[in-house]
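**Q** Position chain B against the provided structure of chain A, taking the given hints into account.
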Amino acid sequence: IAGITQAPTSQILAAGRRMTLRCTQDMRHNAMYWYRQDLGLGLRLIHYSNTAGTTGKGEVPDGYSVSRANTDDFPLTLASAVPSQTSVYFCASSDRVGQPQHFGDGTRLSIL
Amino acid sequence: GENVEQHPSTLSVQEGDSAVIKCTYSDSASNYFPWYKQELGKGPQLIIDIRSNVGEKKDQRIAVTLNKTAKHFSLHITETQPEDSAVYFCAASNTGFQKLVFGTGTRLLVSP
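Residue numbers (the numbering used here), protein chains in the order written: chain A, 1 to 112; chain B, 1 to 112.
Isolated chain B (complex conformation):
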């Protein structure tokens, strides 16, 4: 089955810097890759997603890139702000099925 690895487990940056979180997946049939942000005491919130027919997607300060050949995808946050501090999860699935396989999360801390 699918296996998703996520790095780093923790990431500390200064406000205004960029942050990059990387994930690799094992199943070449996976074709849907969402990213979730989870704040303390809350459920995961979808922030951006990408499908395998696209190499990059942007939404304001957030972007996701996908390299199908290498089977890895990354989340890029530019001009980080303290409110970006949270745990971020990547996930992968074959949209023919419903099972999302999650990475183990990255705790991002943005210091003022």
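If we strip away everything but chain A, and leave its shape as in the complex, we get:
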């Protein structure tokens, strides 16, 4: 079934550790996005990529980095995790900018 795969589904991490959240899509979508979801705050955009080889900052980019080496993969890295990064992280993709976004099932991340 076509869609977005995120890994891991959940993770507990010690503060200060490095962590990479993986996201792969098989729809050949050009645009990909990372959001975090926190209770009472909805979903907030962390980083995005309009096409392979390009990335941009969203609403809450500090402490996160992304890369887009190819069309299918869009990993999100926390270089040195802090407790405030405890959240549920969602990856999304769209055929191109301005088209409907489709979401993965998320990674639940707890930073202790």
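In short, the hints are calculated from the structure, not lab data. Backbone N, C-alpha and C fix where the C-beta goes; we use that ideal spot for every residue, glycine too. Honestly, I wouldn't trust all of these hints.
Unchecked claim - Selected chain B positions facing chain A (Cβ under 8 Å, derived; list incomplete):
{"hint": "1", "residue": "TYR32"}
{"hint": "2", "residue": "PRO34"}
{"hint": "3", "residue": "LYS42"}
{"hint": "4", "residue": "GLY43"}
{"hint": "5", "residue": "PRO44"}
{"hint": "6", "residue": "ASP49"}
{"hint": "7", "residue": "LYS99"}
{"hint": "8", "residue": "LEU100"}
{"hint": "9", "residue": "PHE102"}
{"hint": "10", "residue": "GLY103"}
{"hint": "11", "residue": "THR104"}
{"hint": "12", "residue": "GLY105"}
**A** Frame of chain A; chain B shown alone:
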């Protein structure tokens, strides 16, 4: 930047009743308004969207209305069923950009 407010935060209805969720936005340049349904442990799923050149759109029991002058849009669910129980998010964006700004969500509970 864009700000989206969503009301109510929780909504309880009896099976068969209608449910209405309302959102307001601040940026008059916004022209794309999707609605997402999120079930427990899953990612948001696009259920309907509307663009600013249309005032209303229907898909079976779901409809969305848009009032550009007042800068608000609403989701209407008729003949609600228990499987409609979920968290619903509205969002807005200027399709010239990729940033979707989400509301804070409405938890809908449909009781049998």
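**Q** A separate judgement is required for each hint: does it hold in the structure or not?
**A** Status of the hints after comparison with the structure:
1. TYR32: 7 Å, holds
2. PRO34: 6 Å, holds
3. LYS42: Hint on LYS42 of chain B: holds, closest Cβ of chain A at ~5 Å, below 8 Å.
4. GLY43: With Cβ-Cβ at 4 Å, under 8 Å, it holds.
5. PRO44: 5 Å, holds
6. ASP49: 6 Å, holds
7. LYS99: Holds - the Cβ of LYS99 of chain B comes within 8 Å of chain A, reaching about 6 Å at its closest.
8. LEU100: Check passed: Cβ of LEU100 of chain B comes within 6 Å of chain A, closer than 8 Å.
9. PHE102: 4 Å, holds
10. GLY103: Given a least distance of 6 Å, the restraint on GLY103 of chain B holds.
11. THR104: Because about 5 Å separates THR104 of chain B from the closest Cβ in chain A, which is inside the 8 Å limit, the hint holds.
12. GLY105: 6 Å, holds
Of the hints listed earlier, there is not a single one the structure fails to meet.
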